[in-house]
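**Q** Modelling step: build the complete structure from the supplied sequences, incorporating the hints.
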Amino acid sequence: MELAVRDVRKALAEQLPPLTPNAAAVEADRCLYCYDAPCTHACPTHINIPQFIKKIATRNLRGSAATIFASNLLGATCARVCPVEELCEGACVLGGDHKPISIGRLQRFAMDSAREHRNYPVVKAAPTGKSIAIIGSGPAGLSCAGTLALLGHTVTIFEKYEMPGGLSTYGIIALREPMEVALEEARMIEGLGVKIKAGVEIGKDISPATLQKEFDAMVLGVGLARTPGLGIAGEEVVVDGLEFIEASKVAAAKLSVGRNVIVIGAGNTAVDCATIAKRLGAERVTMVYRRTDREMSCYKHEYDFARKEGIEFHFLSQPARVVLEAGCPAGLECLRVELGAPDASGRPSPTPVKGSEFVLAADQIIKAVGQNKLTLAVLLGLKTTKGFIDVDASFQTNVAGIYAIGDCIRSTGVASTVMAVQDGKLAAAAIHQQIAKRPSPVEVK
Amino acid sequence: MADLRTNFAGIKSPNPFWLASAPPTNSGAQIHKAFEAGWGGAVWKTIGAPVLNVSNRYGAWHHGRQRMLAINNVELISDRPLEVNLREIVEIKRAWPDRAVIVSAMVESKPEVWRDIIHRIEDTGADGIELNYGCPHGMSERGMGAAVGQVPEYCEQITRWVMEAAHIPVIVKLTPNVTNIVLPARAAVAAGANGLSLINTINSIVGVDLDTLELTPSIGGKGGHGGYAGPAVKPIALNMLAALGTDEIVSKSGIPISGMGGIATWEDAAEFLLLGASSLQVCTTVMHYGFRVIEDLCDGLSNWMDEKGFKTIADLTGRSLNRVSEFKNFDLSFRAVARIDAERCIKCDLCYIACNDTAHQCIDLVSPEGKVVEPSAYDVRANGKRAAAETRPRPVVREEDCVGCRLCYNVCPVDQCIEMVELPPRRGAVTWDELSQMQTPVTEDWDAMEAYREKVGIHIH
Chain A
1 MELAVRDVRK ALAEQLPPLT PNAAAVEADR CLYCYDAPCT HACPTHINIP QFIKKIATRN
61 LRGSAATIFA SNLLGATCAR VCPVEELCEG ACVLGGDHKP ISIGRLQRFA MDSAREHRNY
121 PVVKAAPTGK SIAIIGSGPA GLSCAGTLAL LGHTVTIFEK YEMPGGLSTY GIIALREPME
181 VALEEARMIE GLGVKIKAGV EIGKDISPAT LQKEFDAMVL GVGLARTPGL GIAGEEVVVD
241 GLEFIEASKV AAAKLSVGRN VIVIGAGNTA VDCATIAKRL GAERVTMVYR RTDREMSCYK
301 HEYDFARKEG IEFHFLSQPA RVVLEAGCPA GLECLRVELG APDASGRPSP TPVKGSEFVL
361 AADQIIKAVG QNKLTLAVLL GLKTTKGFID VDASFQTNVA GIYAIGDCIR STGVASTVMA
421 VQDGKLAAAA IHQQIAKRPS PVEVK
Chain B
1 MADLRTNFAG IKSPNPFWLA SAPPTNSGAQ IHKAFEAGWG GAVWKTIGAP VLNVSNRYGA
61 WHHGRQRMLA INNVELISDR PLEVNLREIV EIKRAWPDRA VIVSAMVESK PEVWRDIIHR
121 IEDTGADGIE LNYGCPHGMS ERGMGAAVGQ VPEYCEQITR WVMEAAHIPV IVKLTPNVTN
181 IVLPARAAVA AGANGLSLIN TINSIVGVDL DTLELTPSIG GKGGHGGYAG PAVKPIALNM
241 LAALGTDEIV SKSGIPISGM GGIATWEDAA EFLLLGASSL QVCTTVMHYG FRVIEDLCDG
301 LSNWMDEKGF KTIADLTGRS LNRVSEFKNF DLSFRAVARI DAERCIKCDL CYIACNDTAH
361 QCIDLVSPEG KVVEPSAYDV RANGKRAAAE TRPRPVVREE DCVGCRLCYN VCPVDQCIEM
421 VELPPRRGAV TWDELSQMQT PVTEDWDAME AYREKVGIHI H
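Protein chains in written order, with the working numbering: chain A, 1 to 445; chain B, 1 to 461.
Hints are computed from structural coordinates only; laboratory data are not their basis.
Using N, Cα and C, we set each Cβ at its ideal position, and we do this for glycine too.
Just to be clear, a hint being listed does not mean it is correct.
Stated by the list, open to error - Derived CB-CB ranges, DEER-like:
#, chain 1, residue 1, chain 2, residue 2, range
1, B, His459, A, Val414, 50 to 58 angstroms
2, A, Asn60, B, Ala190, 53 to 61 angstroms
3, B, Val380, A, Ala126, 22 to 30 angstroms
4, B, Val380, A, Asn60, 23 to 31 angstroms
5, B, Arg406, A, Pro18, 41 to 49 angstroms
**A** Below, the structure written as structure tokens:
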């Protein structure tokens, strides 16, 4: 199926239009300006939300953006990708008997204005002479880098991919965050003096030992790797979900989309994959999940969104084999599943029923069942738990001077962009405090 | 169904709502349309001396998204030819015999000029005349309008000239731009006026343009004070209305008062009636939404009257005047405290910050475990709506420290969440007036005051 570039862009264009100045003002005026507001508490980065909204109401957009940046340098991304229903908006005091304030969209309004007028943070601190290496330019790395730069440190980010931004650039469906937003955010961080060395992989292009020697501290914000294997026959024709999203952002027109698509998994990435397939022309998209809608790991609003998109769901089905015809996928053979006692994750354990095989027809199968852990931790000799890097309260690993933030440490609960941003911010504060105690290698006179 | 019919100094109208003398009553066509919508009467836009108007004549004060909480204008009296106005008045009165048609007038301060305009108005068949002693701009610079209303002697003199010539009811419209509204009112009473109306507009500068640094609105780069009206002036109007209603001379004279100044809803209307108005005049809300607002003004007022058992407008007029008093007569032992309904409270904590920053520091934040906590007392790693909701403290009033100032009640965004609860007094009733007569030193000397407080148990921290 071939779609013109223009049509692809349209199909995956940012879903919510920006608020008009008038709509933003109306919404901002509706905010009660709570004291010690619960939205601020619920925000992982604790943006002073009533204050930035009040500033929109008073037409002080420069001040509004500065309020957001003071707590969250990646406000533009967070405004788009945050599960606001679970965070700030979910905590809004107006939610009880009417509609919560559209905090996410107001933040986007303030961030769009900052971008338009280049009202970005500027470094006021004197140079400290300390240098920090950050591995990975995703939300965690950029947040950490920007915060450190604002404190006067010299920061270099090493990024394996060609473009900075991590999942914001490559892994978030464009209709939620266009790539350009993430790239501009990275440019803003560069504007603070941070060097981003893209296309450089640690352990391949540069050794960890070199970094440890050259920098006062090293921060890993490396995220996670690709989707793990399903361990089923015919897996070689199954498309990796993250690669599918990446292709839809980097070269959507070249993305091959089936007519009858199956997405294995039921997380937010799986929903994004299903949405892309549907928007780019698949006639039928089915999400296959071994548990039920009660156990899905995607947010409820994502599930609702998927259903509105016309995506179908096949619950209690365990993929067993890809049915191939002439080397191409023709279907997914599944086993019916029965739910048993809760497993380690607290959810009922799925037990495939022997002899219950059935085949769902499909000409494209995409898997989005979590992410593997990267091997960098092993290379550096870091302690891990189930592949996630262990850190202390100040984000330091078992190796002094090496810190880790973001998805690569998030072994429990839901990992999200905004949590990664907060990690970056807190780690930067911890690093600032700790390396200030050590003598500087550079004599500052 | 309440009877809304009104008889104001002999001027009859099917309901108490008259359009005030202003842009909405500029022409016969407009008033015709207003009467079709249901208005009980109209005070024709002031006719009299020749004038010329300017553009950008209306400014406005907005707050948040709420537009036009007040309007400010430098429009003058009618700029249409006198003959045209007089002819249209004749036509309107002929077409609408049951409605009140009152003509506002303002001319040079000469007896013969006033006599002439009065006769010409009477010839139209109008029901009454309103003397515009209030216009605060333009006309006042020429010795008319507020220039008259601000000097009780002028007010009395001109009213006498008018009363000698007039055969139909004459209403004197007062300017609020005075230090004591009672004085010009008494002057009008002394001159034999048949009715009073108030308030005219208040002197105001509505704002400064932050780009051009000119006043808003800018009239070719200049601006000046204009007349301020609309919802924002209502409390000022109510105070002046009550001042007349409680003045011995004015109230004993028995002359009716037509109330105006910020009436936008039937609730506003009822309040004006309760404080002594016999008819009501409306302008700004009509300039905002059109003549159609009359429907709910009448409907709402009528429904409320039915609910409360008021049968006529006269039943209502002045019913709350006996509640108007002065500080010196208030019972100093009266005691009320704020109480927050935990069920209704949405925990916006606006009461907490208002009380703690600016009032009497008697609201605490109490955690779900029942402990008094500081604001923002959560870990920086805490997040999510559940954490925020489940750990959020709620504001609780420390009643023993609450002075009952009522600030929290006013800032609370939830209806009926904060209640001012009356508590039994802790000491005998006494007013400041009584105190100053019976225990004079207490009201004049701090040491005596301290001793008095100690004796009766008043502790201020």
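**Q** If a hint holds in the structure, say so; if it doesn't, say that too.
**A** Here's how the hints hold up against the structure:
Look at histidine 459 of chain B against valine 414 of chain A: about 53 angstroms separates their beta carbons, and that is inside 50 to 58 angstroms. Against the hinted window of 53 to 61 angstroms, the Cβ-Cβ separation of asparagine 60 of chain A and alanine 190 of chain B comes to about 55 angstroms, which satisfies the hint. Distance hint check for valine 380 of chain B and alanine 126 of chain A: the Cβ-Cβ separation is about 26 angstroms, which falls inside the suggested range of 22 to 30 angstroms. Between valine 380 of chain B and asparagine 60 of chain A the Cβ separation comes to about 26 angstroms, which falls inside the hinted range of 23 to 31 angstroms.
For the hinted restraint 41 to 49 angstroms between arginine 406 of chain B and proline 18 of chain A, the CB-CB distance of approximately 42 angstroms keeps it satisfied.
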